[in-house]
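Here is what each chain is made of, one letter per residue.
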Amino acid sequence: MSTLAIDKAGPSRKVKLRSMSRDRTWALRWSYFFLILFAIFFLTPPVYMLITSLKSSAEISAATNPWWVFHPTLSNYVELLTSNQFLRFFWNSSMISIIVVIVTMLISIPAAFALARMKFWGSATLATGVFLTYLIPDSLLFIPLFKMLAVIQDFTGITLLNRWYVLVFIYPTLTVPFCTWIMIGYFASIPKELDEAALIDGASWLQTLTRIFIPVALPGLIAATIFAFTVSWAQFLYPLVFTTSIDQLVLPVGITTTLIKGDVFNWGQIMTGALLGAAPPLVIYAFLMDYYIAGLTAGATKG
Amino acid sequence: MADVVVEQGRLARAVSPRKKGASLRNVLGRKSTVAFFLTLPLILLITMLVLYPAFYSLYLATLNKAMTKFVGLGNFTFLFKRETFWMVVKQSCIFAITAVIFKALIGFIVAHFVHNIPGKKQRKWRGMLLVPWVIPPAMSTLAWLWLFDPSYSAFNYTLSFFGVGPIPWLGDTFWARFSVILVNVWYGAPFFLIMYLAALKSVPDQLYEAASIDGANWWQKIWHITLPMMRNIIAITTLFSLIVTFANFDIVRILTSGGPLDRTHLFATWAFQVGIQSSDIPLGACVSLFMVPILAVAAIFILRDVNKRGNEA
Numbered sequence: 001m002s003t004l005a006i007d008k009a010g011p012s013r014k015v016k017l018r019s020m021s022r023d024r025t026w027a028l029r030w031s032y033f034f035l036i037l038f039a040i041f042f043l044t045p046p047v048y049m050l051i052t053s054l055k056s057s058a059e060i061s062a063a064t065n066p067w068w069v070f071h072p073t074l075s076n077y078v079e080l081l082t083s084n085q086f087l088r089f090f091w092n093s094s095m096i097s098i099i100v101v102i103v104t105m106l107i108s109i110p111a112a113f114a115l116a117r118m119k120f121w122g123s124a125t126l127a128t129g130v131f132l133t134y135l136i137p138d139s140l141l142f143i144p145l146f147k148m149l150a151v152i153q154d155f156t157g158i159t160l161l162n163r164w165y166v167l168v169f170i171y172p173t174l175t176v177p178f179c180t181w182i183m184i185g186y187f188a189s190i191p192k193e194l195d196e197a198a199l200i201d202g203a204s205w206l207q208t209l210t211r212i213f214i215p216v217a218l219p220g221l222i223a224a225t226i227f228a229f230t231v232s233w234a235q236f237l238y239p240l241v242f243t244t245s246i247d248q249l250v251l252p253v254g255i256t257t258t259l260i261k262g263d264v265f266n267w268g269q270i271m272t273g274a275l276l277g278a279a280p281p282l283v284i285y286a287f288l289m290d291y292y293i294a295g296l297t298a299g300a301t302k303g
Numbered sequence: 001m002a003d004v005v006v007e008q009g010r011l012a013r014a015v016s017p018r019k020k021g022a023s024l025r026n027v028l029g030r031k032s033t034v035a036f037f038l039t040l041p042l043i044l045l046i047t048m049l050v051l052y053p054a055f056y057s058l059y060l061a062t063l064n065k066a067m068t069k070f071v072g073l074g075n076f077t078f079l080f081k082r083e084t085f086w087m088v089v090k091q092s093c094i095f096a097i098t099a100v101i102f103k104a105l106i107g108f109i110v111a112h113f114v115h116n117i118p119g120k121k122q123r124k125w126r127g128m129l130l131v132p133w134v135i136p137p138a139m140s141t142l143a144w145l146w147l148f149d150p151s152y153s154a155f156n157y158t159l160s161f162f163g164v165g166p167i168p169w170l171g172d173t174f175w176a177r178f179s180v181i182l183v184n185v186w187y188g189a190p191f192f193l194i195m196y197l198a199a200l201k202s203v204p205d206q207l208y209e210a211a212s213i214d215g216a217n218w219w220q221k222i223w224h225i226t227l228p229m230m231r232n233i234i235a236i237t238t239l240f241s242l243i244v245t246f247a248n249f250d251i252v253r254i255l256t257s258g259g260p261l262d263r264t265h266l267f268a269t270w271a272f273q274v275g276i277q278s279s280d281i282p283l284g285a286c287v288s289l290f291m292v293p294i295l296a297v298a299a300i301f302i303l304r305d306v307n308k309r310g311n312e313a
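Chains as they are written, first to last, in full-length UniProt numbering: chain A, 1 to 303; chain B, 1 to 313.
With the rest of the complex left out, here is chain A (with noise of 0.2 angstroms):
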């Protein structure tokens, strides 16, 4: 548009300015070339991931072309999606995740809410250690924790471990930092203007939060919601020490597992149980992807 406009200004600066132009589009071209070869990098497993649970044993057995489905069936998913085992990760990661979301917004809420707004003795020192509890990996605690919860185990007679209710107490160590630091960010941006008016007009703290801090931070909420039930669905190493019997398994742990048999691996299968242990996370993110990328980003350029 604008070459056109400068066009008639002169016929010296014309030749010029369609260079520049060329080179854009050039550049363009060139950006959506390496674009391509880079979305095939980051395609190729989830796509390989559903060739694979289109086919049927035999096909894949049979080493034809493994990019290309001949005989595509659903056979796997529906052997999948009727047999109890397979449903009952399903279940037992679906439980986890909500009450860990649920868990991890009533402790997050109001602590980050205390912490952007109320100035109390240690509130610094608090926040900044909310954030290297973030830092702190799933492989750093998982020995101990195992150790403790036997320990509890043996002393109280509940039995913690093999249970898939003991993860719900073990995930919010992953999700509450983060979330807890995301919406510090979200409340602290908010307008002291806006509390200080509910507080003159008689609100209670616990009001102030609930009707103006929540509504207005709720983008940050949601992206907080996303990153927990994103967490507490694909976490694997905890599952993985903390439960053992096939009833108790969660989806990862599950299918790693279960659907692989000493040597024998039914791929067919175990493709078609992954593609539906990351259907949730996907379907969240193609909904709430602005959510998601808010999220992400939120944690390390809000301060």
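Hints in this document: simulated from the structure, not taken from any laboratory. The structure displayed is predicted, hence computed values, not measured ones. We put the beta carbon where it would ideally sit given N, CA and C, even for glycine. Careful, some of the hints might be misleading.
To be verified - Stretches of chain A that chain B covers, calculated by requiring three or more beta carbons in the stretch to come under 8 angstroms of a beta carbon on chain B:
id, stretch
1, 31-42
2, 103-111
3, 125-132
4, 143-154
5, 162-176
6, 210-218
The hints should help you fit chain B onto chain A, whose structure is shown.
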């Protein structure tokens, strides 16, 4: 804000100075009390399930295998004498550093390409390229395991058309390390892509326009404008990814379980094998504790950067 609350308190006391209920309400209504109760669940969670296990781990590491006797630094000296331990140290460093470098590079390059794409299409590309990060790593690693399968590898099938012989993706030391790093790069690069894309968008266009008027080429623009403007994000993202990659468990566990001959073990997977599978909990705790120094250094730098950002804003 604080004044309002204090005045409310005074008011209440002035009206009914000797009522017990009022003073209780006063204490409950005080800001620090409210704040304490609001943060209490968080504090309890962190102390009981993060801090306590962390110190408990230190204690566990000083016991013998049956956990009946205090052996001091016995486990540590035992580890120092084992060749596998030094191999794990080396492998963890190779894995984390190589993977983070490639993730950062690919993220940086792809972010530029996505940034070039105009408007609405950019959203679609961004959405597509972030898919690896969204799929739970345990699930996507299974797909890679199948792609690397010794007899049915789809990669080897494709490569055979170019005359490249079957590659033992997970059977050979070099290729196993390569595959593990490849999968980690595949999984983590989209995170860098998103972070860098957000950073790129925050660089004002005028800077680039001014640079092109001054006759700067693309390399000079990147070196003198993009990189300095993005320095902080690059630092935080890299350090953060270093921690996560260093502590990685899922990918190696599913892809190779540490094999062939422990040549791909990382701290996390080896700690799992020693501590849980061979049920030598003290030694496993000891192994995972060796991650702490590196994590601590990275965490200190991140904290410095985050605080700096906070002060700037």
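Status of each hint after checking the structure:
1. 31-42: Coverage by chain B holds here, the residue count being 8 at a Cβ distance below 8 angstroms.
2. 103-111: Result for this restraint: holds, n = 5.
3. 125-132: With 6 residues closer than 8 angstroms to chain B, the stretch 125-132 of chain A meets the three-residue bar; holds.
4. 143-154: Since three or more residues must qualify, the claim that chain B covers the stretch 143-154 of chain A holds, with 6 doing so at under 8 angstroms.
5. 162-176: holds (count 5)
6. 210-218: Since three or more residues must qualify, the claim that chain B covers the stretch 210-218 of chain A is violated, with 0 doing so at under 8 angstroms.
Hint compliance for this structure: hint 6 alone is broken.
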